[in-house]
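Asker: Chains as they are written, first to last, in numbering that gives the first Met the number 0: chain A, 0 to 293; chain B, 0 to 483.
Hints may contain errors.
[What the hints assert, rightly or not] One side of the interface only, derived from the structure: several residues of chain B facing chain A at Cβ under 7 Å:
(1) E346
(2) Y347
(3) Q370
(4) E373
(5) A378
(6) A380
(7) A405
I should point out that these hints are in silico values taken from the structure, not numbers from a laboratory. Small disclaimer: the values here were computed from a predicted structure and weren't measured. From the three backbone atoms N, C-alpha and C, an ideal C-beta is built for every residue, glycine too.
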Amino acid sequence: MRGNEGINIMEIWFSENHSPHVKFDIRVERQLYSVKSDYQRIDVFDSPEFGRFLTLDGSVIFSEQDCFIYNEMVVHVPMAVHPDVRKVLIIGGGDGGVAKELLHYDSVECIDIVEQDSTFVEVCKEYFPETAKGLDDERVHVYNTDALRFLRSKLAAYDLIINDATDPFGASEGFFTREFYGSCFKALEEDGILVYQHGSPFYDEDAQACRRMHRKVFHTFPISRVYQAHIPTSPSGYWLFGFASKKYHPLTDFKPKEWKARQIPTEYYTCNLHMGAFMLPKYVEDLLEEEERE
Amino acid sequence: MDLKKQTSAPLYEALEKFRRNRVVPFDVPGHKRGRGNPELVDLLGERCVQIDVNSMKPLDNLCHPVSVIKEAEELAADAFGAEHAFFMVGGTTSAVQGMVLSVCKAGDEIIVPRNVHKSVINVLILCGAIPVYINAEVNTRIGIMLGITKEQVEEAILAHPKAVAVLVNNPTYYGICSDIKGICELAHAHGLKVLADEAHGTHLYFGDNLPISGIAAGADMAAISMHKSGGSLTQSSILLTNNGMNADYVRTIINLTQTTSASYLLMASLDISRRNLALRGRQSFQKVMEWAEYARDEINSIGGYYAYGKELVNGGSVYDFDVTKLCVFTRDIGLDGIEIYDILRDEYDIQIEFGDIGNILAYISIGDRIQDLERLMGALAEISRLYSREERRFEVDREMLLPKVAVSPQKAFYSEKESVPIRKAAGRISGEFVMAYPPGIPILAPGEEITDDIIDYILYSIEKGCSMQGMEDPKVEYLQVLKL
């Protein structure tokens, strides 16, 4: 194979520090694009193992090979709990992946996406056209504004909010704050659900961020549970999601029969996995419970 | 301003050159470029400790500048439109003291607004001059002291023929400007000097559509807090003189109290900050103004908060308003400014400049990011949703009282004193400062008569969580008064 010969001649590696002392490398075939937007640096690469992937300020945001995992996990888990989701807000998510997953549900009437960085949306449309198809549906509306600003005027406007922003230290720092979770609470209907990226609990600095997030959400919502998935490009390959809710419990209000009846095609999510995802390792349980006692 | 010349930073360049020459130090400071104190290098970084050096020929001397410091000061004077600029390393406090000591001597009177910074009253203790306070008008809705009017200044001048100078806040902490140009004309016509306290006004020299700067308005001296809106290191400041003030005399006055080991870190930060302001200040402050105006509109649309702006301007006590100041009146949601100040820090990890009884001030500067402003506004909206209580009425006349000056601050300071329980202090003369911090305007200064109203106000401020400073008794159960 000629492609492989080319790779063997020249080695290019993308590196990302997962901790100050641990580095994660992806072999790169070529860099397709690089741009500095008003908010962040955006890069797109092709790689033999993960296919095409996108980075923001040097951190992998998604890859063709593993993006199905979190797109499914942030969508199907709440959708199998809340009986009647009509209005959804996605924060971040300018790539369209989460929206595309949501569009499988006929009951969803309206999907608002708040993605501050219009350059990010343009880059995704150009280099990930399959995923970005999710943005073209007539139910989907993209707003290029700050999410906190967007949320300030919203009161009981959504059944489900998905915070797709991943980085509590970068440009999306504001979406891991108490004011953000509080604004989401206010913007949700009285039986609304917020699902958010809860980071990785393994490396020390990530664990600290994870704790802070849980403490803030736990004090904002009456129900606040955490669930997990294996995502290869995330730090330590292990990733958590937050499920914060005003009324529904992710397990006791879980409706597997109804969900199965919808016949949604998946590659990662199953009803068994739904239950299992909330069964956390002891060290993660301990870390979360410590914050709940604070 | 000569823009081409402003592109250089002579003091900073001399330091860089010196660093590259790798001169062996057998002089102070004793850490010797950090080698003797590795922990200090860890803390501050190598570049920083390498230029922490002593005065020497290639680097000039702040006490008597003849080369690179002199050039840097000349560039600063040109950038600010003044005749002379003096680099100050003791904060704007030292610049204010330099101004007052340059124009006042013992027994002279100086006209000052009541909301002067404590540094002004402190320097009166040093020099023996006597303050003539102007009780600036209070905005009864938001409970802040406004500017002084030309008429009030004229009244004070006519009533106090011994007065030698007028000091004007340009602007106040809250962004309120007096008619400093009118006051300059009036004061000069009566032979008085005008001193501009511009601790909150550096940017006025580098912005379009901002209130007039002290020097442009005709002030004889101005104290500029470069480390606030100017971006230099904390404690660095600039003193400006104009209208033929004797610069040698001012330098002599400054040297009375200034260190002979001025920090080159502070001075170099003044030099490069001046360059930055001269070259890019206008664009930067344009952005700051736009952000502050945006934040004002957004905060006002939350409901319950009042972020005030240009609408306060009334041609008198608010002659102009500095729109870069983001002040918010908070009592309509039932919370004191100081309460919101604490909630923002404790619950939302947001530190603002100050909270007083009725207001908060968020300081917007050239270092801000729009997403951080969104956080501030998001947090304010949340605080209103979660914490708001019944609206609180404001008792303004209790707020701002003007005590009678019974003896000079210097005489009071050095008189024999005794402690009396605060409730029994009425009728006595105060021997100490009583300040509520923030915003740090004295409720009582040494030499002033204590009344029941003032005692009530002090106790009220403590109850509201203001930090009380200046008193010997930290619990403020006792006050120091002059012995009878």
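Asker: All hints are to be evaluated individually against the structure, with a verdict given for each.
Answerer: Each hint tested on the structure:
1. Checking E346 of chain B against chain A by beta carbon gives a least distance of about 6 Å; that is within 7 Å, so the hint holds.
2. Look at Y347 of chain B: its Cβ gets to within about 5 Å of chain A, closer than 7 Å, so that hint holds up.
3. Hint status for Q370 of chain B: holds, given a least beta-carbon distance of 5 Å to chain A, under 7 Å.
4. Below 7 Å, beta-carbon pairs count as interface contacts, and E373 of chain B has one with chain A at about 4 Å; its hint therefore holds.
5. For A378 of chain B, the interface hint holds, the least distance from its beta-carbon to any beta-carbon of chain A being 4 Å, beneath 7 Å.
6. Residue-level restraint check for A380 of chain B holds (minimum Cβ-Cβ distance to chain A is 5 Å; threshold 7 Å).
7. For A405 of chain B, the suggested interface contact is broken, since its CB lies about 50 Å from the closest CB of chain A, more than 7 Å.
In the structure shown, a violation is registered for the earlier hint numbered 7 alone.
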